[in-house]
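What follows is each chain in one-letter form.
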Amino acid sequence: EVQLQQSGPELVKPGASMKISCKASGYSFTGYTMNWVKQSHGKNLEWIGLINPYNGGTSYNQKFKGKATLTVDKSSSTAYMELLSLTSEDSAVYYCAREGILDYWGQGTTLTVSS
Amino acid sequence: DILLTQSPATLSVTPGETVSLSCRASQSIYKNLHWYQQKSHRSPRLLIKYASDSISGIPSRFTGSGSGTDYTLSINSVKPEDEGIYYCLQGYSTPTFGGGTKLEIK
Numbered sequence: 001e002v003q004l005q006q007s008g009p010e011l012v013k014p015g016a017s018m019k020i021s022c023k024a025s026g027y028s029f030t031g032y033t034m035n036w037v038k039q040s041h042g043k044n045l046e047w048i049g050l051i052n053p054y055n056g057g058t059s060y061n062q063k064f065k066g067k068a069t070l071t072v073d074k075s076s077s078t079a080y081m082e083l084l085s086l087t088s089e090d091s092a093v094y095y096c097a098r099e100g101i102l103d104y105w106g107q108g109t110t111l112t113v114s115s
Numbered sequence: 001d002i003l004l005t006q007s008p009a010t011l012s013v014t015p016g017e018t019v020s021l022s023c024r025a026s027q028s029i030y031k032n033l034h035w036y037q038q039k040s041h042r043s044p045r046l047l048i049k050y051a052s053d054s055i056s057g058i059p060s061r062f063t064g065s066g067s068g069t070d071y072t073l074s075i076n077s078v079k080p081e082d083e084g085i086y087y088c089l090q091g092y093s094t095p096t097f098g099g100g101t102k103l104e105i106k
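Those sequence lines, one after another, are chains A and B. Numbering-wise (this note's numbering), the first sequence opens with residue 1 and increments by one. Numbering-wise (this note's numbering), the second sequence opens with residue 1 and increments by one.
Mixed in with the good hints, there may be bad ones.
Cross-link-like lysine-lysine pairs, in silico, DSBU-like; alpha carbons within 35 Å at most [to be verified]: (1) B/LYS102 x A/LYS63; (2) B/LYS106 x A/LYS63; (3) A/LYS65 x B/LYS79; (4) B/LYS31 x A/LYS65; (5) A/LYS23 x B/LYS102; (6) B/LYS39 x A/LYS63; (7) B/LYS39 x A/LYS67; (8) B/LYS31 x B/LYS79; (9) B/LYS39 x A/LYS23; (10) B/LYS102 x A/LYS65; (11) A/LYS65 x B/LYS106; (12) A/LYS67 x B/LYS102; (13) A/LYS23 x B/LYS31; (14) A/LYS43 x B/LYS31; (15) B/LYS79 x A/LYS19; (16) B/LYS39 x A/LYS74; (17) B/LYS102 x A/LYS19; (18) B/LYS106 x A/LYS13; (19) B/LYS106 x A/LYS67; (20) A/LYS13 x B/LYS39; (21) B/LYS106 x A/LYS74; (22) A/LYS43 x B/LYS102; (23) A/LYS65 x B/LYS39; (24) A/LYS23 x B/LYS106; (25) B/LYS79 x A/LYS23.
Calculated directly from the structure, the hints in this document are not laboratory data. All of these numbers come straight from a predicted model, not from anything done at the bench.
Start from the sequences, fold in the hints, and give me the full structure.
Structural data, given as structure tokens:
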């Protein structure tokens, strides 16, 4: 069974950075891209970018360049997204999702940016 | 970026009805269009890929159609558990989502 298990909710201060993890199981981690999606205000969905775990290659939505950095650890089948210089606009639920058709999703990680 | 416009914004129906949800793209996306269902406090779930391809485990009452810029998700004989928000996603270029259609079951 394909599963994507994300790290827990985060409360961080403005200006800080943080990293979300997404541990994959039930399939060949290096055989599929991992995508990241932002959902704000409980509805609006935005594609952040993707990473190819096989070679580490990345592609970003222009809007999130400089905001998000995607990496993987093949040894643990885990994908990471680091979010930089956080503001209140970054408060949202973040999802990892497999492959371009986003066929499997993590449970989501809620990020709250507040002083 | 390609803009996806979903309509209607909200749909309120009774169980047993058949509904059609629309997703219109700002340019042709050549059937590179996928549909998702999101229930309250849950992650989105893939329903249909590439405009009309079925997904294993998804009930057959969910079907997709369309081409070019216009796409439709149909739900035949709606059930109470179909309540949620439905989104379309285009993967032809930098992926973008539609704004969603909220389906309410009376």
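Going through the hints against the structure:
For the hint pairing B/LYS102 with A/LYS63, the CA-to-CA distance comes to about 26 Å; that is within 35 Å, so the pair holds. Restraint check for B/LYS106 and A/LYS63: the C-alpha separation of about 39 Å exceeds 35 Å, so the hint is violated. A C-alpha spacing of about 42 Å is found between A/LYS65 and B/LYS79, which places the hinted pair above 35 Å, so the restraint is violated. In summary, the hint linking B/LYS31 to A/LYS65 is supported, as the alpha carbons are separated by about 28 Å, within the 35 Å threshold.
Straight-line distance between C-alpha atoms of A/LYS23 and B/LYS102 comes to about 31 Å, which keeps the hinted pair within the 35 Å bound. At roughly 27 Å between alpha-carbon atoms, B/LYS39 and A/LYS63 fall within 35 Å of each other, so this suggested pair holds. With a CA separation close to 29 Å, the supplied pair B/LYS39 and A/LYS67 stays within the 35 Å bound. Distance hint between B/LYS31 and B/LYS79 is fulfilled; the C-alpha atoms sit about 27 Å from each other, no more than 35 Å.
Of the supplied pair hints, the one linking B/LYS39 and A/LYS23 holds, its CA atoms being roughly 23 Å apart against a limit of 35 Å. For the hint pairing B/LYS102 with A/LYS65, the CA-to-CA distance comes to about 31 Å; that is within 35 Å, so the pair holds. A threshold of 35 Å between alpha carbons decides the hint, and for A/LYS65 with B/LYS106 the separation of about 43 Å lies outside it, so the pair is violated. For the hint pairing A/LYS67 with B/LYS102, the CA-to-CA distance comes to about 30 Å; that is within 35 Å, so the pair holds.
Our distance criterion of 35 Å between C-alpha atoms is met by A/LYS23 and B/LYS31, whose separation comes to about 31 Å. Proposed proximity of A/LYS43 and B/LYS31 is supported: the alpha carbons are some 24 Å apart, at most 35 Å. Among the hinted pairs, B/LYS79 with A/LYS19 is inconsistent with the structure: their alpha-carbon atoms are about 39 Å apart, more than 35 Å. Of the pairs offered as hints, the one joining B/LYS39 and A/LYS74 holds, with about 32 Å between alpha carbons and a cut-off of 35 Å not exceeded.
The suggested pairing of B/LYS102 with A/LYS19 holds, with an alpha-carbon distance near 32 Å, which does not exceed 35 Å. In summary, the hint linking B/LYS106 to A/LYS13 is not supported, as the alpha carbons are separated by about 42 Å, beyond the 35 Å threshold. Of the supplied pair hints, the one linking B/LYS106 and A/LYS67 is violated, its CA atoms being roughly 42 Å apart against a limit of 35 Å. Among the hinted pairs, A/LYS13 with B/LYS39 is consistent with the structure: their alpha-carbon atoms are about 30 Å apart, no more than 35 Å.
Straight-line distance between C-alpha atoms of B/LYS106 and A/LYS74 comes to about 47 Å, which puts the hinted pair past the 35 Å bound. Between A/LYS43 and B/LYS102 the alpha-carbon distance is near 10 Å, which keeps this suggested pair within the 35 Å criterion. Restraint check for A/LYS65 and B/LYS39: satisfied, since their Cα atoms lie roughly 30 Å apart, inside the 35 Å limit. A threshold of 35 Å between alpha carbons decides the hint, and for A/LYS23 with B/LYS106 the separation of about 39 Å lies outside it, so the pair is violated.
At roughly 34 Å between alpha-carbon atoms, B/LYS79 and A/LYS23 fall within 35 Å of each other, so this suggested pair holds.
In the structure shown, a violation is registered for the earlier hints numbered 2, 3, 11, 15, 18, 19, 21 and 24, in ascending order.
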